[in-house]
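Enquirer: With the sequences and hints as input, model every part of the structure.
The residues making up each chain are set out below.
There are 4 protein chains.
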Amino acid sequence: MDEIVDEHINHGYTTDKAAYLRRLKRVEGQVRGIARMVDEDKYCIDILTQVAAVNKALHAVSLGLVEDHIAHCVVGAAHESEATGNPEIVAAKVKEATDAIGRLLR
Amino acid sequence: MDEIVDEHINHGYTTDKAAYLRRLKRVEGQVRGIARMVDEDKYCIDILTQVAAVNKALHAVSLGLVEDHIAHCVVGAAHESEATGNPEIVAAKVKEATDAIGRLLR
Amino acid sequence: MDEIVDEHINHGYTTDKAAYLRRLKRVEGQVRGIARMVDEDKYCIDILTQVAAVNKALHAVSLGLVEDHIAHCVVGAAHESEATGNPEIVAAKVKEATDAIGRLLR
Amino acid sequence: MDEIVDEHINHGYTTDKAAYLRRLKRVEGQVRGIARMVDEDKYCIDILTQVAAVNKALHAVSLGLVEDHIAHCVVGAAHESEATGNPEIVAAKVKEATDAIGRLLR
Numbered sequence: 001m002d003e004i005v006d007e008h009i010n011h012g013y014t015t016d017k018a019a020y021l022r023r024l025k026r027v028e029g030q031v032r033g034i035a036r037m038v039d040e041d042k043y044c045i046d047i048l049t050q051v052a053a054v055n056k057a058l059h060a061v062s063l064g065l066v067e068d069h070i071a072h073c074v075v076g077a078a079h080e081s082e083a084t085g086n087p088e089i090v091a092a093k094v095k096e097a098t099d100a101i102g103r104l105l106r
Numbered sequence: 001m002d003e004i005v006d007e008h009i010n011h012g013y014t015t016d017k018a019a020y021l022r023r024l025k026r027v028e029g030q031v032r033g034i035a036r037m038v039d040e041d042k043y044c045i046d047i048l049t050q051v052a053a054v055n056k057a058l059h060a061v062s063l064g065l066v067e068d069h070i071a072h073c074v075v076g077a078a079h080e081s082e083a084t085g086n087p088e089i090v091a092a093k094v095k096e097a098t099d100a101i102g103r104l105l106r
Numbered sequence: 001m002d003e004i005v006d007e008h009i010n011h012g013y014t015t016d017k018a019a020y021l022r023r024l025k026r027v028e029g030q031v032r033g034i035a036r037m038v039d040e041d042k043y044c045i046d047i048l049t050q051v052a053a054v055n056k057a058l059h060a061v062s063l064g065l066v067e068d069h070i071a072h073c074v075v076g077a078a079h080e081s082e083a084t085g086n087p088e089i090v091a092a093k094v095k096e097a098t099d100a101i102g103r104l105l106r
Numbered sequence: 001m002d003e004i005v006d007e008h009i010n011h012g013y014t015t016d017k018a019a020y021l022r023r024l025k026r027v028e029g030q031v032r033g034i035a036r037m038v039d040e041d042k043y044c045i046d047i048l049t050q051v052a053a054v055n056k057a058l059h060a061v062s063l064g065l066v067e068d069h070i071a072h073c074v075v076g077a078a079h080e081s082e083a084t085g086n087p088e089i090v091a092a093k094v095k096e097a098t099d100a101i102g103r104l105l106r
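Residue numbers (the numbering used here), protein chains in the order written: chain A, 1 to 106; chain B, 1 to 106; chain C, 1 to 106; chain D, 1 to 106.
The hints are simulated quantities; they were obtained by calculation from the structure and are not laboratory data.
This one's a predicted model, so the numbers in the text were calculated from it and none came from an experiment.
Check the hints yourself; a few may be wrong.
Stated by the list, open to error - If the Cβ cut is set under 7 Å, some of the chain C residues that face chain D in the computed set are:
| no. | residue |
| --- | --- |
| 1 | His11 |
| 2 | Tyr20 |
| 3 | Leu21 |
| 4 | Val31 |
| 5 | Val38 |
| 6 | Leu58 |
| 7 | His69 |
| 8 | Ala83 |
| 9 | Arg103 |
| 10 | Leu105 |
What the hints assert, rightly or not - Here are the simulated DSSO-like pairs of lysine-lysine, each with C-alpha atoms no more than 27 Å apart in a straight line:
| no. | chain 1 | residue 1 | chain 2 | residue 2 |
| --- | --- | --- | --- | --- |
| 11 | A | Lys25 | B | Lys95 |
| 12 | D | Lys17 | C | Lys56 |
| 13 | C | Lys17 | C | Lys56 |
| 14 | D | Lys25 | B | Lys56 |
| 15 | D | Lys25 | C | Lys25 |
| 16 | D | Lys25 | D | Lys42 |
| 17 | B | Lys42 | C | Lys56 |
| 18 | A | Lys56 | B | Lys17 |
Stated by the list, open to error - Label pairs and their in silico Cβ distance ranges:
| no. | chain 1 | residue 1 | chain 2 | residue 2 | range |
| --- | --- | --- | --- | --- | --- |
| 19 | B | Arg22 | A | Glu88 | 41 to 51 Å |
| 20 | A | Lys95 | D | Gly29 | 32 to 42 Å |
| 21 | A | Thr49 | B | Arg22 | 14 to 24 Å |
| 22 | C | Arg36 | A | His79 | 34 to 44 Å |
| 23 | C | Glu80 | A | Lys17 | 27 to 37 Å |
| 24 | C | Pro87 | B | Glu88 | 55 to 65 Å |
| 25 | A | Gly85 | C | Arg36 | 48 to 58 Å |
| 26 | C | Leu21 | D | Asp99 | 32 to 42 Å |
Ideal Cβ positions, reconstructed from N, Cα and C, are used throughout, including at glycine.
Expert: If you want it as structure tokens, here you go:
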């Protein structure tokens, strides 16, 4: 059965897909590393330092996705709004993007 | 060869070790899930929502470690300072904990 | 001498200017309130709770400004890029917006 | 009528009170400056940059208060617990401190 993929086949991040996958692989390894430190009774502060490093790595991934999304999906919606004369298209896309940014800021 | 472990065999988190390992395992799975979403061209906003969820899970792990560390290592240093009459012991431990909290706040 | 104002006379936030000014006035009052608590030797935790409240209020102001900026300036640049055939205009605007979001995430 | 002040007359931050008041005064001025920028139709990104600067200043104030609180109130509770044989005293103080840190992390 064909995997049901999102109708937006092409997203802003698609061109950097390999880079994102590498970075996420590294984050996954860092999280596993933190678990190993807990398992090996490492010092709490050293573990917290690694958690902060994972936060930073995820922060960079999020920011890349936000930039790609605005540059691709929001800008695409801007053109669609202009072509159709319907400002709601881009307004909804901007709101959606801002809400996602808001969740990251929390 | 004996695995060189930290001389602080017992940390605040040691009693909750199994819970931390479960939570970190889940975070690891969430990160893998995000990579899968990227690989399957899922919509950017849905991916960002999952990244925010990982941030939240890591946030909870960090806070647990901070509480355990203060309750165990900082309080232990307070008693050591009192017993030895050397206030530097707890002062250094408090500074170390605050710096770790600062890295998480960033 | 006329106050040199930004050539972008109209920003996304211009329509909500009064609301932003009210919110910022309230934040200013909250910060003054925190200073008064310090001056009156209030309990540290209560002060920290108020600082967290100011963070939250500023968080909401930032998010509003981000949404207005994307909806107005970035979308405007998208149309300008399309009209002039120069994709650099919107690319630069997206990068600028993402960098600003990055500074907020820190 | 004497202003009812917190029975904890002396807090960790009391010795640095003047410094905290100066920093909070500066933050108050920064917030007023942001309002002026909005009033004068300055560019959104420049305003967001100033909001990020206020976040950073508040971040530093919070961290200072956290350090003072742990060093003074939590360590004091540790001694009180030891003197009275009642571990609940410090456990409650640690939980209270961690909850305050959690609110800052959000």
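Enquirer: Checked against the structure, which of the hints given earlier come out wrong?
Expert: Numbers 8, 10, 11, 14, 17 and 22, in rising order.
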